[in-house]
Amino acid sequence: MSSATRARDRLIAAVLAVLTVAWMLAVEGQQGIGRDEAQYMRAGEHYWGWFAELADNVREGHTRRSFTPKAIDRYWSDNAPDHPVVMKILFGVSWRLFHGREAAAGRPLHPIPYTLEHGALPIFPRASTAFRLPAIAMAALLVVLVFWFARRFVDPVAAAVAAVLAIAQPHTFFHAQIACFDAPVTTMAIAVAFAYWKSLRSARWGVATGVIYGLALGTKHNAWLMPAFLVAHWLWMRRGDWLRLRPPPIPLAFVSMAVLGPILFFLHWPWLWVDPVARARAYFNRHLEHEHYNFEYLGRNWNNPPKEWDRKLLRVTFPFVETGLTLPVTTLVLAGVGAWAFASRRRARVGRPAGEVTAASDALFLAGDGAGPRLAEDTTGGGFRRYLKACARPGADVDASPGSFLVAQFLGPMAIVALPSTPIFGGVKHFMPAFPFLAVCAGVGARHVMRQLRDLVPQRWPRTLPLGTGLLLCAPAVAETQRSHPDGLAHYNLLAGGFAGGASLGMNRQFWGYSVRPMLGWMAAHAPARGNIYWHDVLPDALSMYVRDGVMPPLGNAGGGEDAIRRSDLGLIILERHMVLYEGVFWESYRTTRPAYVRTREGVPVVTVYRRAGVP
Amino acid sequence: MGSLPAESQAALPDAPARPRRLPRGLLLVGGVLTLAVVELANALWAPHAAPKDADWQAAAAVVRAGFRAGDLIVASPPWADPVLRLWLGDLMPEAMVGRMDDARYGRVWQIAQRGARAREARGDERDRQRFGALTVSRYERPAAEITYDFLERWPEAQVSREEGPPGQPPTRVVPCVRDALGFTCPGPPAHVVRPGIYEIGATLRRGLSAPPVANAAVVLTWANVPLGRELAFAGGLHHVWLRKWPQGIVQLRVLVDGQLVATQRSGNRTGFQLGRADTSRWAGQKRTVRFEITADVPDGRMFDFVAEARNP
Numbered sequence: 001m002s003s004a005t006r007a008r009d010r011l012i013a014a015v016l017a018v019l020t021v022a023w024m025l026a027v028e029g030q031q032g033i034g035r036d037e038a039q040y041m042r043a044g045e046h047y048w049g050w051f052a053e054l055a056d057n058v059r060e061g062h063t064r065r066s067f068t069p070k071a072i073d074r075y076w077s078d079n080a081p082d083h084p085v086v087m088k089i090l091f092g093v094s095w096r097l098f099h100g101r102e103a104a105a106g107r108p109l110h111p112i113p114y115t116l117e118h119g120a121l122p123i124f125p126r127a128s129t130a131f132r133l134p135a136i137a138m139a140a141l142l143v144v145l146v147f148w149f150a151r152r153f154v155d156p157v158a159a160a161v162a163a164v165l166a167i168a169q170p171h172t173f174f175h176a177q178i179a180c181f182d183a184p185v186t187t188m189a190i191a192v193a194f195a196y197w198k199s200l201r202s203a204r205w206g207v208a209t210g211v212i213y214g215l216a217l218g219t220k221h222n223a224w225l226m227p228a229f230l231v232a233h234w235l236w237m238r239r240g241d242w243l244r245l246r247p248p249p250i251p252l253a254f255v256s257m258a259v260l261g262p263i264l265f266f267l268h269w270p271w272l273w274v275d276p277v278a279r280a281r282a283y284f285n286r287h288l289e290h291e292h293y294n295f296e297y298l299g300r301n302w303n304n305p306p307k308e309w310d311r312k313l314l315r316v317t318f319p320f321v322e323t324g325l326t327l328p329v330t331t332l333v334l335a336g337v338g339a340w341a342f343a344s345r346r347r348a349r350v351g352r353p354a355g356e357v358t359a360a361s362d363a364l365f366l367a368g369d370g371a372g373p374r375l376a377e378d379t380t381g382g383g384f385r386r387y388l389k390a391c392a393r394p395g396a397d398v399d400a401s402p403g404s405f406l407v408a409q410f411l412g413p414m415a416i417v418a419l420p421s422t423p424i425f426g427g428v429k430h431f432m433p434a435f436p437f438l439a440v441c442a443g444v445g446a447r448h449v450m451r452q453l454r455d456l457v458p459q460r461w462p463r464t465l466p467l468g469t470g471l472l473l474c475a476p477a478v479a480e481t482q483r484s485h486p487d488g489l490a491h492y493n494l495l496a497g498g499f500a501g502g503a504s505l506g507m508n509r510q511f512w513g514y515s516v517r518p519m520l521g522w523m524a525a526h527a528p529a530r531g532n533i534y535w536h537d538v539l540p541d542a543l544s545m546y547v548r549d550g551v552m553p554p555l556g557n558a559g560g561g562e563d564a565i566r567r568s569d570l571g572l573i574i575l576e577r578h579m580v581l582y583e584g585v586f587w588e589s590y591r592t593t594r595p596a597y598v599r600t601r602e603g604v605p606v607v608t609v610y611r612r613a614g615v616p
Numbered sequence: 001m002g003s004l005p006a007e008s009q010a011a012l013p014d015a016p017a018r019p020r021r022l023p024r025g026l027l028l029v030g031g032v033l034t035l036a037v038v039e040l041a042n043a044l045w046a047p048h049a050a051p052k053d054a055d056w057q058a059a060a061a062v063v064r065a066g067f068r069a070g071d072l073i074v075a076s077p078p079w080a081d082p083v084l085r086l087w088l089g090d091l092m093p094e095a096m097v098g099r100m101d102d103a104r105y106g107r108v109w110q111i112a113q114r115g116a117r118a119r120e121a122r123g124d125e126r127d128r129q130r131f132g133a134l135t136v137s138r139y140e141r142p143a144a145e146i147t148y149d150f151l152e153r154w155p156e157a158q159v160s161r162e163e164g165p166p167g168q169p170p171t172r173v174v175p176c177v178r179d180a181l182g183f184t185c186p187g188p189p190a191h192v193v194r195p196g197i198y199e200i201g202a203t204l205r206r207g208l209s210a211p212p213v214a215n216a217a218v219v220l221t222w223a224n225v226p227l228g229r230e231l232a233f234a235g236g237l238h239h240v241w242l243r244k245w246p247q248g249i250v251q252l253r254v255l256v257d258g259q260l261v262a263t264q265r266s267g268n269r270t271g272f273q274l275g276r277a278d279t280s281r282w283a284g285q286k287r288t289v290r291f292e293i294t295a296d297v298p299d300g301r302m303f304d305f306v307a308e309a310r311n312p
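Those protein sequences? They're chains A and B, same order as listed. For the first sequence, this note's numbering gives the first residue as 1, with consecutive numbering after it. For the second sequence, this note's numbering gives the first residue as 1, with consecutive numbering after it.
Misleading hints may appear alongside valid ones.
[Stated by the list, open to error] FRET-style restraints, in silico, Cβ to Cβ: (1) B/Gly271 / A/Leu467: 48 to 56 Å; (2) B/Gly30 / A/Gly324: 16 to 24 Å; (3) A/Lys312 / B/Gly271: 18 to 26 Å.
[To be verified] According to the in silico footprint, chain A covers these stretches of chain B (three or more CB under 8 Å from chain A): (4) 34-48; (5) 73-80; (6) 91-103; (7) 152-164; (8) 192-200; (9) 293-305.
Derived from the structure by calculation, the hints contain no laboratory data. Predicted model, so just to flag it, every value in this text is computed and none were measured. Note that beta-carbon positions come from the ideal geometry of N, C-alpha and C, so glycine has one too.
Next comes chain B alone, as it looks inside the complex:
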């Protein structure tokens, strides 16, 4: 591949003089060379603009000094969360990191970089300090009063499998047995309902794993639940590998004293979905709350959900 054919003249002769097309040529040359300089400068400068350990150390010290039980700590952008937990993870239990949403938190600490702002960083900004590439902010807002946390109170649930076609009275009700880890429902098919940490939509959430079963509803019932003005719930399909092939849709129905107040459908694309039911008419009263989980094709559907009754 060493020689060029005779008629290929890549070494160009001097072009004959021609009228200057200054504006377009100048724009092109100026633009490209400016871009090259800017890109080069950015490549050299950008690594030094990233937060340093000293920045995190100082930011963490501020948060640690002002932290109170019940505060929320978040990183922004969200991908910085592992670094946030490296510095402040002892203040960030599973309940905070795997939360359903931020409604219960009246104070939110945000450690942000590159101008990002977390969804949770709302309310009155009461403090803002900068440490190198990091900005620490504290926001305060009214917090939701949690009247009942279904996840925390999972041992108080009655869990059963109600067999039979949907929309009809069950042909058989199989009670599930509670143990230290959750509920075991005898088969066939045998299945379990367990609290834990589950990956839903590439986020980790605390919740109750309640996989659906064929031709039946998995039912979780809590009696005497002190309701607030809303019943917030969230659910989705756990486990990235199990969202690859199975295609079934899981339906969650939420009932208060037998009255349907909300439904939610979860599939491979829906992620962790938050829903709210208006329970104002029962606010301050104790009612029975029931969650029913069914699926058209339950195979490989690891459904998890979490709920709380609250006054927002």
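So here's chain A without its partners, still in its complex pose:
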């Protein structure tokens, strides 16, 4: 590839990243703060407090004070053992650097003592934006990685289509702009996969894969499963060797991941240092024994692994149906076309002599060198050095079958979530790491469509045609994503019928209590004099952040639970299937079935508010 081509590709990647960040920064202010997100923001600020104290201790020559168990736990026990801390550290650092002047009423609401007026570089008026910036940056990185990975198979326009389609997904876009880990670990999934892909030809990338994997482990626990999907692909590609009972050399990337991954995981999380074995066990148990929270799927509430056969079968469909009803339909169809293109390429190669390719299928892809993966280099009798060399560059030929790699990375997360014993309370976010690979496939599909179109139209159009086609293929996904905002989790695609169709199908409408953001002004205007407001699933951390952001004055909080409704004079319900019982408490306590306000999205209710009659 020429340097001009590389420079052009870098420019395209940079433009895609900037556009992603710009889009998200333009809209994230409308996005409410979810329950978990507020906790991660609080934890990020706590962790910053440790670094600030460490700096003070270093200055005073008492560095070790920051590493005592008490000092560590004072800051790092926040949100432990739930999640590792790479992103939360970044949230805290970003907040400290970039937050603007917070509302005066928010000053007492910091989790650590904090007296500064604003951050070192106060570019964001809202503290929540500063917290969210690292997640948004990770979304931009996702787009770049998808572009680069797709470039291995298709031209720049089709690769750019893949990149856009990777982020222009309503549910993914929702998760990508908030200070949580689900979108960042999706980015890490393709980062690890890409690094592994490159490690097949490069020992340097073999080592780098381990480092990147360590960062992935520090992002979210989904990462512990990533090696399984890579190993599955490698075993498939080396199946000839296994069938001949000749175990191939183990890729350096796997060794690196196995060694560097856990080491980096341990090093990055100070909370683990205090009692490594017990605390690591607590972390793993937290997720292996994670409670099944409530989630609505096809008109039923799922809060336990199903026992009956019919429910188990229905439950298995979950990730596939959710994918089919949440992703833009054009994206799904393009991915299908891409999958077909990969499959037909494979069919064209199988049975043909090495070197012979069919113009139709291989014209889509790299000029490969043969009919498929070869056997691994035979290292028997060749000495340890030869064996190591084979481990360091385990098989450049595996990229002769990119389709199987994408299938493994896509189906892996889906298969895990399809197990009836896996919790599904987070909906799409549980298997979002599959979607970048679907997007790459969609880019291949886009390429195929463009090729077919080029053959159909007069020759005088070819220069602008690919770009125009690419824009048209991206437009529905971008439009749907923008339409869904800021209620991405309630949005379902054209097949489902949008917000209304999703509600009619009994699909989950939301969780985390974020959907109150657009109605905070109404709440403030109708707040009772006694300040006894029942906020339902909007937790105090989120309310604190709204106050700090200046979007809401402190309004009071009656607490949680059914008794809090009875104590309240104004209360809301985040409309989720399993939350219905709280509305009955309102009816009995407030003696009315008539809400004071209903927030809707395209006619579908998302929040209901009751106000007790006759109270000031």
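Once you have looked at the hints, place chain B on chain A.
Frame of chain A, contents of chain B only:
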């Protein structure tokens, strides 16, 4: 990750001329591009197709103008119910919104959108008007005559706990004491029977909460009940959190003058179940009606039920 290996040529050379496969290529291109245009158009248009406040205001005004006591108002699809109550909730008391079924309603107002139709919207359609994205319809049909509403008449019940193994005469009968809120049954174990609004199967229902107890039956008896041709009843397990772990099955037995006329079993998956007993042989007569509630494993089983005697 900046450079591609030399042998990776993603910039494709011009493909050699080859025979056109017009039909398949045209189908593919035409199909995908058409889909893209349709999906894009839908994304831009669909938000404007949703009902507006003005639509609801106009629809509500029609219903309000024609409403009579005893009418039923429903939204279709059901998820629009909160918005319906926002506009017409003053006409929709708990008895309507938490109803057992719609048999007693001779007139039904439906505010529908997107072509949906409520289960209750049956009978002769006497009126239909459209307001933007909403359609208001009124249906009329013969209404069931309610001869006795057990929920409304809960203070007239005798409630007791009959201890002993099932199928055998009770070893002890513990009467429950009525107060303003319901019945309190002395323990151990102490338990209560209360009217209220309960979540059953993600729907809110008015009913009597009568949780089962171990090794006993909770019994509610009404004497001198004027029966109709059927005795309709419905029940289920209340409280989503309590349907998560406990697994016991609750059985409701319905007896008229000691004769078993119906049974119903409720578990975590059964939701709010409607049942009917044929009481034609006693129609027009006053009889004693008894409801017995038991469970194999009663822990965490919050059972609620409601019943009415009627002539459909």
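Are there hints from earlier that the structure breaks, and if so, what are their numbers?
Hints 7, 9 not satisfied by this model.
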